[in-house]
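Enquirer: Chain by chain, the residues:
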Amino acid sequence: MSRVISVFLPDWPIERLAPGDAGPDQKLVLAGHDGRRRIVTAVNAAVRRAGVQPGMAMAQAQILAPGLAVRPADPAGDEEGLAKLALWALRYTPLAAPDQPDGLVLDVTGAAHLWGGEEALVADLCTRLARRGITARAALADNRGAAHALARFAANPTWLTRPGNSGPVLLSLPVAALRLPQKIMDGLHKLGLRRIGDLADAPRAPLTRRFGPELQLRLDQAFGRVAEPVAAVAPPNVPEAARDFPEPLTAPEALANHTGQLVEALCATLATQAAGARRLDLFFHRVDHAVLALRLGLAAPRQDAPRLARLLRERLEEIDPGFGIERLVLRASWTEPFTLHQTAALEQHAAPDLAPLIDTLASRVGAHNLYRMAPVESDVPERSLRRIPPLAPLAGKAWPSWPRPARLLSPPEPIATMALLPDHPPISFIWRGVRRRVARADGPERIFGEWWKRDAELFAVRDYFQVEDETGARFWIFRAGDGENTATGSQAWFLHGFFA
Amino acid sequence: MNYAELQVTTHFSFLRGASAPEELFEEAARLGISALGIVDHGSLAGIVQAHVAAKAHGVRLVVGARVDVAEGAVLLLYPTDRAAYARLCRLLSVGKARGGKGQCVLGWADMATHAEGMLAVLVPDEADDACRHNLEQIAAFFPGRAYLALTLRRRPGDALRLHRISTSAVEAGVPTIVTNDVLFHASERRILQDVVTCIREGCTIDEAGFRRERHADRYLKPPMEMRRLFARYPEALARTQEILERCRFSLDELCYQYPEESPNPQQRLEELTWEGAAARFPDGVPADVTAMLRHELGLIGRMGYAAYFLTVHSIVRYARSQGILCQGRGSAANSAVCYVLGITAIDPVRSNLLFERFISEERREPPDIDVDFEHERRETVLQWVFDHYGRDRAALCAVVTRYRARGALRDAGKALGLTEDVVAALNSQVSHWSRTAVDEAQAAELGFNAGDRRLRLALELARQLIGTPRHLSQHPGGFVLTRDRLDELVPIEPAAMENRQVIEWDKDDINALGFMKVDCLALGMLSCLKRSLDMLAESKGLRLGLADIPTEDQATYEMIRHADTIGVFQIESRAQMSMLPRLKPKTFYDLVIEVAIVRPGPIQGDMVHPYLRRREGKEKVEYPSPALEKVLKKTLGVPLFQEQAMQVAMVAGGFSANEADALRRAMATFKNTGTIGNFRDKLVGGMIANGYAQEFAERTFAQLEGFGSYGFPESHAASFALLAYASSWLKCHHPEIFCAALLNSQPMGFYAPAQIVRDARDHGVEVRPVCLNASRWDCTLEKAGERFAVRLGLRMVKGLANAHAAALLAARGETPFSSPENAWRRAGMPVEALLHLAEADAFGPSLGLQRRQALWALRGLNDVPLPLFAQAQTNEPGMPLPPLSAGGEVLADYASAGLSLRAHPVSFLRGKLCREGIASCGDVHRAKDGAFLEVAGLILVRQRPGSAEGVLFVTLEDETGIANLVVWPDVFEAHRRTIITSRLLAARGRVQREGEVVHLVVRTLRDLSVALDAVGEMDAPELRVHSRDFR
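Protein sequence lines, in the order shown, are assigned to chains V and D. Here our numbering is used: the first residue of the first sequence is 10, the next is one more, and so on. Here our numbering is used: the first residue of the second sequence is 940, the next is one more, and so on.
Everything labelled a hint here was simulated from the structure, so no lab data went into it. Note that beta-carbon positions come from the ideal geometry of N, C-alpha and C, so glycine has one too. Among the clues, some could well be false.
[Said to hold, decoys possible] Okay, the calculated bits of chain V under chain D, using three or more residues with CB under 8 Å as the criterion: (1) 195-205; (2) 450-459; (3) 464-477.
[Stated by the list, open to error] Label pairs and their calculated CB-CB ranges: (4) E345(V) with K1040(D): 57 to 65 Å; (5) L430(V) with R1150(D): 29 to 37 Å; (6) G1787(D) with A164(V): 36 to 44 Å; (7) R1700(D) with G173(V): 56 to 64 Å; (8) R213(V) with G1787(D): 25 to 33 Å; (9) L430(V) with A1177(D): 21 to 29 Å.
[What the hints assert, rightly or not] No more than 25 Å apart at the CA atoms, straight line, and that leaves these computed lysine-lysine pairs for DSS-like: (10) K199(V) with K1737(D); (11) K1572(D) with K1523(D); (12) K1569(D) with K1621(D); (13) K1737(D) with K192(V); (14) K1557(D) with K1523(D); (15) K462(V) with K1353(D); (16) K1867(D) with K1557(D); (17) K1559(D) with K1572(D); (18) K1523(D) with K1573(D); (19) K1559(D) with K1523(D); (20) K1353(D) with K406(V); (21) K406(V) with K462(V).
Make a model of the complete structure from these sequences and hints.
Expert: Next up, the structure:
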């Protein structure tokens, strides 16, 4: 006799996003498409109170619950999240699996005594989910089909049947409890066959002829006449070291200390397999069930614990432990055979790979201090550049075709000028007390404020001139304003940059 | 200093230009610019509006277009004369045919063949090899007529760039001109231009980057400033005047020719008229008709409209030859000539309509006749017109699709990065057709932070965007027909629908140029009438046309007066029905008024109540002046028709006919800012000057404002009234035929099949259920003793495809099916399709199989033959199926056919409702005014008309009839969820009785839908326990 728990998570897609305590009055729905119709796919409690149900047209939902926040539904993300939740459920039994799209299934045969009995296990499971803000209904029965039906259609949020007692209670449940496709359910409904009891003792052949083998299969599964094993999730088979902490870790020293111990344990495992790590993943399971990860890439396979520990420790500051870390897992997610060998002086010279250098530099000075410049599609000089990570691509943006100064002053510095308004460059200007006569000039280049950014830029104009003084030094100066209309700026002059 | 700006893009270069032609010419006049050259991208769509605006502001228009040559050059083309203009139109037509919808694809080779008489201006990028190559090309294709544009971009190296380009031009021997590449009329429009760019590119302003226009200062600049900016190129500035001299072409030269129907159209029209008159009046043409015909023919002759009438006549004659029902309407349609020619069925003598009032000799605008055809067969007529007049001489008008409030906020909001839900919430405050956007106060009411910058900008820009053209689409049926090649008058493009082509101009443009337009529109009611008349001939041997329906039938008017008009054309809406008992129509003209009065125009202008009071004799009929008495006598001193509104402006406000027309148009266009104020001052001022009281003048203007957008012209009202009368007559005397025809024409009108069938049964019509062995696809008539019963057709069965039904009927022939399996084997249709029939209980009437039994039997059949199963089938064990309760049968009927002939679902709940003290809908109608009661029913309609200040009208239905609820906004807000989600609704409130019209003004509401679900389990309609008397 097996014992199976089915967990039903009716609001999984939305609760996965918004933890339960994030404002009970916040109205949130997820929206998806049903053909061309935009429909609500999930709702939170506040919206449900307003009468919105999943499946309702978005337009109707918005009339019912004004001020609704809408986020796009993400079924792939839901599925992925459920798979992760199943990994978490492995704490109860090695046989846990996601029951897509809205539940979990756990085979707890022989596992319950570790938790003080079945009742205690189910209670613990539901409490932990509830703490995480996830509404769960759970049922324990002799087989997966019955547990699935009872989790969804039993009157109580948790429902435990005694061993050998699953069958009779099913008879009064609607056929919808049988995990049947909508089409078959509609067909049964139209014939007046609404409860499992209507089908349980009916002749098999006529039903199978009309509804195919699936109906009988589901009936047999529900009554335990055929086996339905749980295909448990398992972490990929890789070398790993893990440690649980009854008292969650928050102090950085403690994290560093335990990280070092994990590295040693893992390296010992690697040594037995004659393998070296090319990549290390360090997972931090927080008490709020968030999992954070650090990834360390290595240029060559290694099993040298002190060095690996140092590299990892240097990056621990990236991790926010929140209310504490309850589990650390170190996994060598990419390994290669490890052999000690001499450096080959005659190897072909490959294109230099900057990555290891950048790894090292980033570990020393901090990744945020390491950057390169990329163009931004903006005519406003201050906004025409941005910093990107050293190896990030330029993303197809091109540098402007006209000359731009090698250096910009931030902020631009005021200058005193002699200029003919509105079209001409200054005859001379004084910057930091030095007067310079303008020998050559080009302009104006007229740049408008980016009106969508700030009110001050709605009508703002700058007229830029490239000027060259008698010594051949080139400057980028501008007038705030178009030289005619005071709404466009103060008409004062500024020096903004130098050409090389 | 003279300067002409020759590179101006209007907002007819969709989502590029940001100003209307009117704005551009107004600004040009203000700045002292002598002429504008309008060059939209591959299009002349804005040129007529530019022509009108140019005249209004005294600035010359140079007609032109911008063409992007596929090999990589931008040209501005200006025709010098009419012949060159024809070539430009043909060139653009070629490009559009090649490029498809909205695109214009042309190459140098096309320039070569169309260049004659055209000036070309090359718009260069940099002074590079491409520029030099293009200069050579243009100099070769346009010898002596080629120019190069010098334009400041306000980018680095501008001066050098101009110098190099100018040098290249000198080398190539091509003279230069100055342009400013204008995209909007004034600098502040730059922001809107950025927004339309974002809309075009489908990005937000933050993502737009360099997709925004980067060259600065794209607005009109005064000549002095241009001279200052181009001080080094005085000759290029002066040359703008040279182009002005050379391009003398004006749209005034377009001379429109009617298609030739006959060498002597007037004579031919007169012949046809007298022939037609003799046919219409077999007992001799009455003297007054003869006089009227003579008079009209004289007028038509003087105006030269004979050819137009002949064209409409030949289209109508074709439709008639195909047995397609049609009916004319519009200004010229209500003439005796149109009556005898068979274009309309309204006897002008009877209807008291004067042709002359619709055709003004003074205005000289072309007559306007719209013809409505059966909606399912109109395409036949359209294709005949294309073929008969030739595809190079006939095309459909365009419709300029402009931004309305919702679309403007949606697109502006998207461009500014507002999320979809914010935009949707804001738009929920705006009705679909509204032209006024959401304002900050409304946004604040919705709980948005009105101070939020992005939100504020979005609202402001959406307001600016309203009225901006979005794209061209095809007019539903407005034909332009010409004698000469149409593509030499205006560019033509292929339409999205196959076998149709569309010109670039809309109906206002056509009007402005005096082109002829015939509207061939589709009308569902004509299909219904056609079906009715056919059935009438077939079943009762009564052969009638629209014009032969007995006129002034008092039984019909009696029925109309009781608002017994479900299904009837136009006067079936709730608003119309509540007006009928008050207006009490007795003659045809009363119907004309009825149709016109229940419109947003008269309602918003507050004309309904004064008219009713005067009609009932409760208020004295008086006229502010004798002149207005002439205009308003027919409608008791209250303007009800659009023409009257215009005439009031002319007679009392001193408007000329053209000004009155301009006023109507200004009110009808979307952007009623600015210009409307001028009209207001002029009208009110004019009326005061003519001795009218200020208060009266103000009220008159308010009335006209209501009309502008929603008024009904009398001639249209008359044509619609005729259809309303014809359908009422059928409903009154042949309700079974009308019911069947209406069901066969669904979807149309306000009511669902359930209400139509119920109404017919209330009138004593026997309706028989869908039957496997008796129904055809359409609903049909079956002999029932002396009378006829309606047999519901297979078309009522939800989910059943027409093709499957046809297979079934073909297999049935004369031999009825004997079992579900027999039907399946003989018809060779999928089991799935037969299941739909079983769900609709179609196996019941002739085979006596209950719904579930038939479903069970059918499900046992398999489309893929399995011989073993086929044998097993004969001796399979029986399956006990629970029987369907009576309530369940009714709900299943509704689910499968949308109606039930058994009982009303609410009847099953009557006992329960009575115990709760809830009255029936019938009780509401018997209750006295002011009674307080609660009623429950299925929700038929929820309606919130724009003219009703947020009041929601809800119609409930139970087995005793319908009840009309009025829900004020505060009650709606309090019961929002109940109203929207309920199927069975209980409403408590006070009865309001006005004559025969009864409303329940709602105080509170309850959702009883749960009780409805229980109906499926119930076996018999509960008998009423006791009856409450509300009298």
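Enquirer: Could you say whether the range 56 to 64 Å given as a hint is met by the Cβ separation of R1700(D) and G173(V)?
Expert: Holds, at about 59 Å.
Enquirer: Check the following: the C-beta atoms of G1787(D) and A164(V) are separated by a distance inside 36 to 44 Å.
Expert: holds (42 Å)
Enquirer: So is the stretch 450-459 of chain V in contact with chain D by the C-beta rule, three or more residues under 8 Å, or is the coverage claim wrong?
Expert: It holds, with 7 qualifying residues against the three required.
Enquirer: Is the hinted pair K1559(D) and K1523(D) satisfied, with a Cα-Cα distance of at most 25 Å?
Expert: Answer holds: K1559(D) to K1523(D) is near 19 Å, not above 25 Å.
Enquirer: Could you say whether the range 21 to 29 Å given as a hint is met by the Cβ separation of L430(V) and A1177(D)?
Expert: Holds - the Cβ-Cβ distance for L430(V) and A1177(D), about 26 Å, lies within 21 to 29 Å.
Enquirer: For the pair supplied as a hint, K1353(D) and K406(V), is the alpha-carbon distance within the 25 Å limit?
Expert: Status holds; Cα separation ~23 Å.
Enquirer: May I ask you to test the hint 29 to 37 Å on the CB atoms belonging to L430(V) and R1150(D)?
Expert: Check passed, 33 Å falls within 29 to 37 Å.
Enquirer: Decide if the proposed pair is consistent with the structure: K199(V) and K1737(D), CA atoms, cutoff 25 Å inclusive.
Expert: This hinted pair holds, its Cα atoms lying about 15 Å apart.
Enquirer: Is the listed coverage of the stretch 464-477 of chain V by chain D valid when you require three or more residues with a beta carbon under 8 Å from a beta carbon of that chain?
Expert: holds (count 5)
Enquirer: Under the criterion that the straight-line Cα-Cα distance not exceed 25 Å, is the pair K1867(D), K1557(D) satisfied?
Expert: holds (24 Å)
Enquirer: Next pair to validate is K1737(D) with K192(V); report whether the Cα-Cα distance is within 25 Å.
Expert: Roughly 16 Å between the alpha carbons, so the hint for K1737(D) and K192(V) holds.
Enquirer: Check whether the Cα positions of K1559(D) and K1572(D) lie no farther apart than 25 Å.
Expert: holds (13 Å)
When held up to the earlier numbered hints, the structure conflicts with none and fits them all.
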